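Novice: For reference, the chains in residue letters:
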Amino acid sequence: MIANIPYLAVAGLIIIGLYTILFKKNLIKMVIGITILESGVNLFLITLGYRLGSIAPIFTGNSEDALMSYPVPQALTLTSIVIGVAVLALMLSLIIHIYRHHGSLHVSKIGGDDQ
Amino acid sequence: MKGMSTIVKTIANISFPIITIYGLYIIAHGHLTPGGGFQGGAIVASGLALIAVAHGSSWIESKIKEHDLSLFESLGALAFIGLAFFGIIFGGVFFSNFLVDTSMLFGNIPVGGAADINTGGTLPLMNFAVGLKVIVGLFAIVLVMALATHKKEDSS
Amino acid sequence: MNIIDMLLAHAPALIIAIPLLGAFLTPLISRVSDKGRNIFAIIILGITALFVFYLASDVLANGPITYVFGSTAETVQSSTVIRILFEIDALSIFMAIIGIILAFVAVLYSYAFMEKNTGLDKYYTLLLLMTTGMLGMMLTGDMFNFFVFLEITSIASAALVAFWTNKSKAVEAGFKYIVISTVGALFVLFAIALLYGQYDALNMAKIAQNLGLSGFTFLDKIALVLLIAALAMKGGLAPMHMWLPDAYGRAPASISLLLVGATQASLYGLFRIVFTVYGDVISLPTVSIGWILVLLGIITMLIGVVMAIIQTEFKRLIAYSAVAELGYMALAIGTGLTIVANADPTITLQTAPFAMKAIIGGLFHVINDALDVGLLFLVAGAVYYATKETSLNRLGGLARNMKYTTVFFIIGLLAVSGLPPFNGFASKLLIYESTYQLNPILSIVAILSSILLLAIFVKVLHAVFLGPALPKFESVREVPKSMLVAMAIIAGIIIIFGLFPNLVVSNLIEPAANALVNNNSYLQWLTGGI
Amino acid sequence: MIDMILETLQTGTGFWNPLTWIVAFVIIFLIVFIFRGMGNKSYKKGTGQTQAFLSGNKEYEKHQMHVQSSNLYWGWTESLKWVIDMLKKMHTGNVSDYVLWFIVVMGLLLLSVGLI
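Protein chains in written order, with this note's numbering: chain A, -16 to 98; chain B, 42 to 197; chain C, 456 to 985; chain D, 91 to 206.
Hints were generated in silico from the structure; no laboratory data involved. Among the hints, erroneous ones may be present.
Under the rule of at most 20 Å between Cα atoms (straight-line distance), these lysine to any residue pairs were calculated in the SDA-like manner [as the list claims (entries may be wrong)]:
| id | chain 1 | residue 1 | chain 2 | residue 2 |
| --- | --- | --- | --- | --- |
| 1 | B | K43 | B | E107 |
| 2 | D | K135 | C | P923 |
| 3 | D | K179 | C | P694 |
| 4 | C | K490 | C | P935 |
| 5 | C | K936 | C | T842 |
| 6 | C | K622 | A | L88 |
| 7 | A | K7 | D | N184 |
| 8 | A | K12 | B | T160 |
| 9 | A | K8 | D | N184 |
| 10 | D | K179 | C | K577 |
| 11 | C | K577 | B | M186 |
| 12 | A | K92 | C | W619 |
| 13 | A | K8 | D | G136 |
| 14 | A | K8 | D | T182 |
| 15 | C | K577 | B | L119 |
| 16 | A | K7 | D | W191 |
| 17 | D | K179 | A | F6 |
| 18 | A | K12 | A | I(-1) |
| 19 | C | K624 | A | R83 |
| 20 | A | K12 | D | I193 |
| 21 | B | K106 | C | R486 |
| 22 | C | K571 | C | P923 |
| 23 | C | K571 | C | T842 |
| 24 | C | K577 | C | K622 |
| 25 | D | K179 | C | L757 |
| 26 | A | K7 | A | G(-5) |
| 27 | C | K843 | C | S623 |
| 28 | C | K624 | A | Y82 |
| 29 | C | K622 | A | G86 |
| 30 | C | K624 | D | D187 |
| 31 | A | K7 | A | I79 |
| 32 | C | K622 | C | L575 |
| 33 | C | K858 | C | L921 |
| 34 | D | K152 | D | G136 |
| 35 | C | K624 | D | N184 |
| 36 | B | K104 | B | L166 |
| 37 | C | K927 | C | E844 |
Note that the structure is a prediction, hence the values are computed from the model and not measured.
Model the full assembly from the supplied sequences, consistent with the hints where possible.
Specialist: See the structure below:
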């Protein structure tokens, strides 16, 4: 049971993230929702690589046969975090521009052209 | 945006070199311990962001231009790609780690749990390149965003 | 000579590396000269195109090529495949040809089209990055690498959609696009994590092999659903297409052209996942994935054409018709999939030969759609360049001033609505005939949408180019030569494809369709039998 | 080589050869042209014959006569108003709704593929 708690946290984070994206009306809050969703996925990746009782996969100062968690998911998570930073920066700068045009961050301000 | 009080400025000035050295340490030991170009670069950039907040973005703007930052960003990226291209020339494959097992820089092969800093082949060099790009890139983002909000305040 | 041979041997890596290198050199060159930078971007993509065409001839003659980064293919054939590698078969290189044609034409078109804008060093950097991401998605053989390239493409294209930041609608479209892309890509990453957790592999071929061995678990089903939904959204299938008209309609015309390629790269990912990665187990779900694709395709076509008819913005109208065109591909590939992935052993590709024709038609339509819709976007951009006007209600009589543009528009019109003797007809004929044998209603809907597409574009032809000369457009002149050349390249390819369809089908499309259907050839290198 | 270029595309049950089509098109065009030549030759330019007749109303200036795009296919949009209104309501332009559609489709797929 205790081993499943990270997966429950993953599910919780993803649901909170989606809820925030879907139902919050402030653009900044939507961006926060995306970040939470991303954290959920990253946590899932990290959890996959963990073996019970393992240590961090560091070569220096550890014996070669020590039980280590898998390094590949951590590398993947890191890549995902880097991409997340780029996406976050882009979204925030677009929000700055939207605010300049409308003076508001309400989601209904960015309406479509078909209405 | 104006700078903050003298206390904040002084503390920021004192902590900035410590943060920078810590970040550079993380970059330099990327191939041995957790960390690397991005993580260390983010730490250094956060130190720069601290300075930007403490002294105000207009003060920073008078010292550094965003235009010059993009030059260093390109240089970092070019160094990274260039190393990958050198892999074709010296190692026969793109991204080949051609420095490993040579007597050159970072050429040692680690032995049993005791890797020294002179290992890793091209990896430390790529970490430096990425580190440069991330320091400059993240700082440029922070600076541009600070200036963008600051211009808005001026006009309203 | 020796150096050239050496470079050609590394063509798979260089196709990605050269635009990437170009992207980071652009800001430096732009300090020296603006004109030099524009020409530099054209040259970079020209060189990349040469490598793509060389690689295409190689792959089509000798079968799939595997390129491992930082190592050789032999060293990764052991039990764990952890290296990033590119695997290029006929389908990937077919998509890459589409991508590089679009990218090259886009950069050529930008030369004059974007001339008066500021911040062009960023524009060209992002354009080259987007090309890198697009080509990477098409060539990679690694799931996580696919995700990374997907995100690179999304970030670069969202920034480019919002390039005209002084227009509030453009910024909003960019924001919508990046939100949609990020959410979709995160679910792709989640699915990749599910697959990685079960099979300890990120390599597509390795995952496919392990999936075939272990059956079809519940987690595999969830991963499949997440991948299909996310990639279908990025590929603009209804009812998740709504970001597409926003993004296509508001981006600069050259970027709309490139976005067509990015969208199709996502569709390629969808096909690759369904046919190759899940190739051995796709017949196991009770609900046929093929029918799901067919259903999505039908909805997409109908929504696309109905919404296109009522549009008043030129590029938004073309964007909706692009949505309809995407529906054709989903319909055709889905039709093929219903037969390929059939639990009933009596129904195979041999007993139902129309499935193969459907896949060929669908893939042929991928390249035709890219060219036709792309040409229309370029014409819309040319009209905007000459008149600074996007609303169809305020345009008129431009044929008097812009003769060449009008001719290109008519070519695009006839091709996109599938009239003989243009290329759209050949692929649509294949789709009609094969879907008819699956279910007549499908081909009826397809023909109906085609007719409506013709009606839509005849309306545009009348509203924009025909009619009396309007006094406010008296001073309008033909657009600069580089834009005309860009349009002429695409129009020329359309005419060649239209006149000699079998040349294209038998040399380019059929190998791609075979590569799509037989995932064995994709998995071959794992066992060392290249 | 030439054979390969001129080959006919087999579409399963039919075939498609653009060059044949073009030849046929030219022949039909010639026939139509001949028929057209046999028509009435009483058309005269610059006379009342060529002027538009708008129920006796005065003719507008040329540039005012341009039919705008939103006036075209008026009947179609009017008769399919319910469909178009429904679709317009669907395209809100609100990014939350876009994500909602994605979640809905994903949920439906999950129900149909994952659980059945």
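Novice: If a hint holds in the structure, say so; if it doesn't, say that too.
Specialist: Hint by hint, here is what the structure shows:
1. Restraint check for B/K43 and B/E107: the C-alpha separation of about 19 Å stays at or below 20 Å, so the hint holds.
2. Our distance criterion of 20 Å between C-alpha atoms is met by D/K135 and C/P923, whose separation comes to about 19 Å.
3. Of the pairs offered as hints, the one joining D/K179 and C/P694 holds, with about 13 Å between alpha carbons and a cut-off of 20 Å not exceeded.
4. Note on C/K490 and C/P935: the hinted pairing holds, with a Cα-Cα distance of about 15 Å set against a maximum of 20 Å.
5. Note on C/K936 and C/T842: the hinted pairing holds, with a Cα-Cα distance of about 17 Å set against a maximum of 20 Å.
6. A C-alpha spacing of about 16 Å is found between C/K622 and A/L88, which places the hinted pair at or below 20 Å, so the restraint holds.
7. Annotation: proposed proximity of A/K7 to D/N184 holds, straight-line Cα distance about 12 Å (limit 20 Å).
8. For the given pair, A/K12 sits about 45 Å from B/T160 by alpha-carbon distance, which is inconsistent with the 20 Å threshold.
9. Restraint check: the Cα-Cα separation between A/K8 and D/N184 comes to about 10 Å, which is no more than 20 Å; the hinted pair holds.
10. This hinted pair does not check out: D/K179 and C/K577 have alpha carbons roughly 37 Å apart, beyond 20 Å.
11. Restraint check for C/K577 and B/M186: satisfied, since their Cα atoms lie roughly 17 Å apart, inside the 20 Å limit.
12. Using a Cα cut-off of 20 Å, the hinted pair A/K92 and C/W619 holds, with the two alpha carbons roughly 19 Å apart.
13. With a C-alpha separation of about 65 Å, the suggested pair A/K8 and D/G136 falls outside the 20 Å cut-off, and the hint is violated.
14. Our distance criterion of 20 Å between C-alpha atoms is met by A/K8 and D/T182, whose separation comes to about 14 Å.
15. Taken as a hint, the C/K577 and B/L119 pair is honoured in the structure, with Cα atoms around 16 Å apart against an allowance of 20 Å.
16. Between A/K7 and D/W191 the alpha-carbon distance is near 16 Å, which keeps this suggested pair within the 20 Å criterion.
17. Annotation: proposed proximity of D/K179 to A/F6 holds, straight-line Cα distance about 18 Å (limit 20 Å).
18. For the given pair, A/K12 sits about 12 Å from A/I(-1) by alpha-carbon distance, which is consistent with the 20 Å threshold.
19. Restraint check: the Cα-Cα separation between C/K624 and A/R83 comes to about 12 Å, which is no more than 20 Å; the hinted pair holds.
20. Proposed proximity of A/K12 and D/I193 is supported: the alpha carbons are some 19 Å apart, at most 20 Å.
21. Taking the CA atoms of B/K106 and C/R486, the gap is about 14 Å. The hint holds against a cut of 20 Å.
22. A distance of roughly 30 Å separates the Cα atoms of C/K571 and C/P923; the hinted pair therefore is violated under the 20 Å criterion.
23. Note on C/K571 and C/T842: the hinted pairing holds, with a Cα-Cα distance of about 15 Å set against a maximum of 20 Å.
24. Distance restraint check for C/K577 and C/K622: the Cα-Cα separation of roughly 18 Å lies within the 20 Å cut-off, and the hinted pair is therefore satisfied.
25. A distance of roughly 16 Å separates the Cα atoms of D/K179 and C/L757; the hinted pair therefore holds under the 20 Å criterion.
26. Between A/K7 and A/G(-5) the CA atoms are separated by roughly 17 Å; this keeps the pair inside 20 Å, and the hint holds.
27. Annotation: proposed proximity of C/K843 to C/S623 holds, straight-line Cα distance about 17 Å (limit 20 Å).
28. For the proposed pair C/K624 and A/Y82, the alpha carbon gap of about 12 Å is at most 20 Å, so the pair holds.
29. A threshold of 20 Å between alpha carbons decides the hint, and for C/K622 with A/G86 the separation of about 14 Å falls inside it, so the pair holds.
30. For the hint linking C/K624 to D/D187, the alpha-carbon distance of about 17 Å falls within 20 Å, and the restraint holds.
31. At roughly 18 Å between alpha-carbon atoms, A/K7 and A/I79 fall within 20 Å of each other, so this suggested pair holds.
32. Between C/K622 and C/L575 the CA atoms are separated by roughly 17 Å; this keeps the pair inside 20 Å, and the hint holds.
33. Under the criterion of a C-alpha separation no larger than 20 Å, the hint pairing C/K858 with C/L921 is consistent with the structure, at around 11 Å.
34. Distance hint between D/K152 and D/G136 is fulfilled; the C-alpha atoms sit about 16 Å from each other, no more than 20 Å.
35. Annotation: proposed proximity of C/K624 to D/N184 holds, straight-line Cα distance about 12 Å (limit 20 Å).
36. Between B/K104 and B/L166, the direct Cα distance comes to roughly 29 Å. Violation of the 20 Å bound is thereby established for this hinted pair.
37. The suggested pairing of C/K927 with C/E844 holds, with an alpha-carbon distance near 11 Å, which does not exceed 20 Å.
Hints 8, 10, 13, 22 and 36 from the earlier list are contradicted by this structure; the remaining hints agree with it.
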